[in-house]
Amino acid sequence: MGDRGKYLGIVMGLTFASLIMTQQPAIFVGLMMRSYSFITDVGLPDIWVMDPKVQFIDDVKPLQDMKLFRVRGVEGVEWAVPLYKGLIKARLANGNFQTCNVIGLDDASLIGGPPVMLEGRLEDLRRGDAVVVDRDGAVEKLGLPGPDGKPIPLKLGDTLELNDRRAIVVGIGKTTRTFQSQPVVYTTYTRAMLYAPRERKLLSFILVKARPRQDPGALTRRIARATGLAAYTQQDFQKLTYDYFMKNTGIPINFGISVTLGFIVGAAIAGQTFYSFTMENLRQFGVLKAMGAGNGTLLRMILLQAALVGAIGYGLGVGLTSLFGWAMRNTILAFKFPWQLLVYSGLGVTLICMFAALISIRKVIALEPAVVFKG
Amino acid sequence: MSALAVHCRDVIKTYDTGEQKVAALRGIDLDIHTGRLMMLVGPSGCGKTTLISVIAGILDQDSGLCQVFGQDLLHLRQKERLRFRAENIGFVFQAYNLLPTLTAVENAAIPLIINGVKRVEAARRAAAMLDRVGLGDRLGALPAQLSGGQQQRVAIARALVHDPRLIVCDEPTSALDHETGHRVMELLKAIALDERKALVIVTHDARIFEFADGIAHMDDGHIIDLEDTHDAT
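Heads up: the protein sequence lines correspond to chains C and W, in order. So for the first sequence, my numbering puts the first residue at 1; every next one is plus one. So for the second sequence, my numbering puts the first residue at 1; every next one is plus one.
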């Protein structure tokens, strides 16, 4: 009571815990969403068809082109188009090389292109040697060093060499960042076959649209039965990719450790300070007990105090996380702050406050009111 | 017409410290009537604080009978005992024990709030009581902004605000200078005592013995002398 330093200590401990418990998972969620952001960007198809051994979006195991026709023959398929996805080295105008993620789109429909065109038109891909480059790649890795050392972004009309073939930039698109840091270069499927190194099979994925009123889940099973390939709805393919990264990378463990440490440190600071706060005011609790206040009343007092500092610390922590996300909105940092994180971190702070209150409550309940008459 | 406020018979209390047992009360017999101010005096460790704690119902005796207004607190359930204390007993402590973050009026209102009185009404009655103890102009002051004498007057207001029938005071003047202590005792006697109330004060302070109606001299857990300084009823 009346100890501003301790009060600030508790609030800061809870703020720190709340900050760590929201900021780190927000980065984690942002990072994990990047694992399947290419699938999200493609958007239009209901179903992705691929080799049954594919484990995630970047784990491309090429198919024979004839598989496309088998898929088109399955009942319930509105349309099916090919998609090429592969890493190809680009030679820049200054002679440097940069590996690019080349996406080959169906020549007729251009399905699977960047969700937003910032410059040029997607249809311009039908011009000779045309490619569309993603903005981040155009600005960063494909930009040429300027006189002041800063890269000059790639612009419409600039050229690249992909596997010794000329590529002319006809558009700049906006894409969602993925796990892969390479620039994304879109072209037609036919031209991608020319850029890609010679291989017997080059078809990466088959994108399928289900007929109206056709259940996509049922169609995936029908395609799998008919072709022997794996077929996933967009959501299932996102989940497959997400699960792969969750199971096969250390990312969840690293972030889990950070969040756990935040929780433990927050609990330790808040618990210890709250406890010493209570111990220093034990006599005051004794006075209230002597005057007839029951354990229930004192318990509610302690819980109210814990809830109050918890709410303040939680609000500050979440506010700082939001501020962090806002400040980083235009950077490479992955950050996604869904409402579920607010709930989880709120539960975390509540647990810390309950722990802090409980260790104090034990002392207060065991307190003999006769302590008030001791000197 | 005075009545029996406190009735103790053969009250025994022993503290078990683990290594040894310390007998604090060795068979206390004591009656305190309403309208009287009883002082418990004696050297440190003689058992007077233990006795006042048993009388106030905040410490259980090992054996013997201790009734307050006919009620044997030892055999009351915890909830009933809390309720009895909240309604019938007022406390004044040596170190005032005011809550430092609450104002004078908020401190004085605590017993009323414990008794379920609404906050606005509690504040009104606390302010009236503070006015009676001469602190009507310091209602919003924090304890740290008050002198020792003023803090003790807030503590007295807090002890009396809910109109208890038994007021127990632990060394109420020991932290005060002679003049302030005298004023506090005059105040206590003037506003705390009437024909339906009793006042029990534990003290070392011989300067305030003149205010007592009866003095119980204690030593080694016994009442060795019961002195009637005024006519007993």
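Some hints could be false.
Claimed, not checked - Partial list, computed: chain W residues near chain C (C-beta under 10 Å):
hint, residue
1, Leu82
2, Gly90
3, Leu146
4, Gly149
5, Ala159
6, Arg207
7, Phe211
Said to hold, decoys possible - Computed spacing ranges between beta-carbons, pair by pair:
hint, chain 1, residue 1, chain 2, residue 2, range
8, C, Lys363, W, Thr101, 47 to 55 Å
9, W, Asp194, C, Leu342, 56 to 64 Å
10, C, Val265, W, Thr101, 40 to 48 Å
No lab work stands behind these hints: they were computed from the structure. All of these numbers come straight from a predicted model, not from anything done at the bench. Every residue, glycine too, gets a C-beta built ideally from N, C-alpha and C.
Hint check results:
1. Leu82: Interface hint status for leucine 82 of chain W: holds (5 Å vs cutoff 10 Å).
2. Gly90: holds (8 Å)
3. Leu146: Interface hint status for leucine 146 of chain W: violated (14 Å vs cutoff 10 Å).
4. Gly149: The hint is violated - glycine 149 of chain W has no Cβ within 10 Å of chain C, the shortest such distance being about 20 Å.
5. Ala159: holds (9 Å)
6. Arg207: For arginine 207 of chain W, the interface hint is violated, since the closest Cβ of chain C sits about 20 Å away, which is over 10 Å.
7. Phe211: violated (20 Å)
8. C/Lys363 with W/Thr101: 47 to 55 Å: Hint violated: Cβ distance 20 Å, outside 47 to 55 Å.
9. W/Asp194 with C/Leu342: 56 to 64 Å: holds (60 Å)
10. C/Val265 with W/Thr101: 40 to 48 Å: violated (28 Å)
Consistency note: the structure conflicts with the earlier hints numbered 3, 4, 6, 7, 8, 10.
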